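J.: Here is what each chain is made of, one letter per residue.
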Amino acid sequence: MKVTEKGVAYVADLANLELTDEERAGMVRDLNSILEYIDRLNELDTSDVPPMAQVSDRPGEEAKRGSARFSYASRADILEGLRKSLPHEEALANAPDADEDFFKVPKVIER
Amino acid sequence: MDLKSLTIDAARSFVQERKTTALALVEAHYARIKQEDGQIGAFLTLSKERALEQADRIDRMAAEGKTLPPLGGVPVGIKDVMSTRGVRTTAGSKILEKYVPPYDCTAVARLEAAGAVVLGKTNCDGFAMGSSNENSAYHPVRNPRDLSRVPGGSSGGSAAAVAGDMAVAALGSDTGGSIRQPASFCGVVGLMPTYGRVSRYGLIAFASSLDHIGPLAKTVKDAALVLRTIAGRDPMDSTSADVPVPDYVAEFDRPVRGMKLGIAKEYFGEGLDDEVRQAVETAIDKLKGLGCEIVPVSLPHTTYAIPTYYLIATAEASSNLARYDGVRYSYRARGVKTLSEMYRRSRDEGFGAEVKRRIMLGTYALSAGYYDAYYLKAQKVRTLLTRDFDEAFRNVDAIVTPTSPTAAFRLGEKSNDPLAMYLADIYTVTADLAGIPGISVPCGETKEKLPIGLQILGKHFDEATILRVAHAYEQG
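Here the protein sequences come in this chain order: W and B. With this note's numbering as the guide, the letters of the first sequence map in order to residues 1 to 111. With this note's numbering as the guide, the letters of the second sequence map in order to residues 112 to 587.
Keep in mind that the hints are not guaranteed to be accurate.
[Stated by the list, open to error] Straight-line distance between alpha carbons at most 25 Å, and here's what the computed PhoX-like set of lysine-lysine pairs gives:
id, chain 1, residue 1, chain 2, residue 2
1, B, K371, B, K399
2, B, K399, B, K525
3, B, K209, W, K104
4, B, K570, B, K491
5, W, K2, B, K491
6, B, K159, B, K115
7, W, K104, B, K448
8, B, K397, B, K560
9, B, K525, B, K205
10, B, K560, B, K205
11, B, K376, W, K2
12, B, K209, B, K448
13, B, K397, B, K376
14, B, K145, B, K209
15, B, K205, W, K104
16, B, K448, W, K107
17, B, K115, B, K130
18, B, K205, B, K177
Honestly, the hints are just simulated from the structure, not real lab data. Quick caveat, the model's predicted, so the values are computed rather than measured.
Given the sequences, and given the hints that come with them, work out the whole structure.
T.: Have a look at this one:
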């Protein structure tokens, strides 16, 4: 078994998830079963293989290196960019709690 | 009105020639939804006001004798992971149950600019995580061909809407097979374009290096028409590619004779249902009869695709889904006292079981001490999987496989076994990892009358070829 209940509690903490005891037990079972299957990747020797973070295989771009490959994605740094920001009212419209200017959350700093 | 045979060209020309109106088409589809969708569950939200407004605009154009745009008056469904201004967008999750986006997804905006009428938002697995649509926080979707079966996932609502004649076409998203597998299960056409072909601006992110938007449609031609409309560079998505978009339908006229199609034995091994194998082999014979040359190819790392996918997709998801914190637009738990408690309880109550499972797996794979063994390892194997395709495409124009190892399974059949569910994507995930395009086209039925799908995979940005082969197969 790779992941213990303690390990699950630690990862849940990293992920900001509050798991119930029942969920935690289920997670131990599921994660171990999936990780066991995933272990087959170790059959492959990848010591000389470069990692691939994303598909950057675009016509004409293969020869370029580093950030030059993504030069098409840049634009002039102009005020307000390509479009205007959302007005406050729209930006706050979906908030569970807000006043006219800010999102509201439980108190963070005790005075 | 016979909705079954209503394709994009038919709908548009009926409206153009004033044989019907866009309004009548919308109303016919809403009537069909009212009659059928209670038992199928394909739609989560109907956007009636928006649909009627757009239909009216199209009808006025037709009345004035103006030429309608390519999708003029065509009623479509939009998977509920795509943002729609003023229309609730839930991603199939409780955590976004009240979310009303302030802007439109580019793909949706482009469809509407081309005259399409958005009927509503289609059901899906929460955050597009699932292969059966049973992970929707609202209700499962049932397969219109057999109500005891799943429609596939995660774009199950989009596939069922098209298969059930509740929309002429629909948009779905594909991260590991979520367009092609439900298309296969429901007996419709589903196309995942090349990574970067279609802007993802406004798509609720699952795994950013793997997410694609694409069409589900009744015919290959309709899929081609939708792709043409939504494809192309979008300044709002820096990953959208600046590659010219061809007229796919015009390409249909070029013969497929002499084309080289690869067959990989790795896609016909253990786990493939006999009836599916037979149907796909018959389809391959038909393609041979159309003059295509069948060439054996090898994709030796295929067996490592699922573990690779489930590390990369979950790692990216754990990061993307960090934004659901109960502050700006997502569900907030009641009665919380501290900020930390608010984050944790809101996420625990808002996310479904599968989403939490994937966030956990992804967070684990990225955590200190495990990053190299899992995430980095998966990224390296992703390179190997991509090289397999590079090598194969040196010798062939396209690769033909089954879309899914089985036809549609029953509701509940795999819902308690995450790993068994993941294996339903075994023939589709590799294309997502490599960023190549793939299409699923119906190729017969099982004895129980369940649809079977043929998958055609192509080279980067060469949707034209796979559409051409799929069209020739469909017509031939």
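J.: All the hints need checking, so say for each whether the structure fits it.
T.: Okay, the hints, checked on the actual structure:
As the CA atoms of K371 of chain B and K399 of chain B are separated by approximately 10 Å, the hinted pair is consistent with the 25 Å bound. Distance hint between K399 of chain B and K525 of chain B is unfulfilled; the C-alpha atoms sit about 36 Å from each other, more than 25 Å. Taking the CA atoms of K209 of chain B and K104 of chain W, the gap is about 17 Å. The hint holds against a cut of 25 Å. Proximity of K570 of chain B to K491 of chain B is assessed by CA-CA distance (about 21 Å); at most 25 Å being required, the pair is judged to hold.
Of the supplied pair hints, the one linking K2 of chain W and K491 of chain B holds, its CA atoms being roughly 22 Å apart against a limit of 25 Å. Taking the CA atoms of K159 of chain B and K115 of chain B, the gap is near 22 Å; set against the 25 Å cutoff, the hint holds. Note on K104 of chain W and K448 of chain B: the hinted pairing holds, with a Cα-Cα distance of about 13 Å set against a maximum of 25 Å. The straight-line distance between the Cα atoms of K397 of chain B and K560 of chain B is roughly 21 Å, inside the 25 Å bound, and the hint therefore holds.
Proximity of K525 of chain B to K205 of chain B is assessed by CA-CA distance (about 22 Å); at most 25 Å being required, the pair is judged to hold. Taking the CA atoms of K560 of chain B and K205 of chain B, the gap is near 35 Å; set against the 25 Å cutoff, the hint is violated. For the suggested pair K376 of chain B and K2 of chain W, the alpha carbons sit about 33 Å apart, so the restraint of at most 25 Å is broken. Taken as a hint, the K209 of chain B and K448 of chain B pair is honoured in the structure, with Cα atoms around 23 Å apart against an allowance of 25 Å.
Under the criterion of a C-alpha separation no larger than 25 Å, the hint pairing K397 of chain B with K376 of chain B is consistent with the structure, at around 19 Å. Distance check on the hinted pair: K145 of chain B and K209 of chain B sit about 23 Å apart at the alpha-carbon level, within 25 Å; holds. For the hint linking K205 of chain B to K104 of chain W, the alpha-carbon distance of about 21 Å falls within 25 Å, and the restraint holds. Restraint check: the Cα-Cα separation between K448 of chain B and K107 of chain W comes to about 8 Å, which is no more than 25 Å; the hinted pair holds.
Simply put, K115 of chain B and K130 of chain B have alpha-carbon atoms about 17 Å apart, close enough for the 25 Å limit, and the pair holds. Proposed proximity of K205 of chain B and K177 of chain B is contradicted: the alpha carbons are some 44 Å apart, above 25 Å.
The earlier numbered hints that this structure contradicts are 2, 10, 11 and 18.
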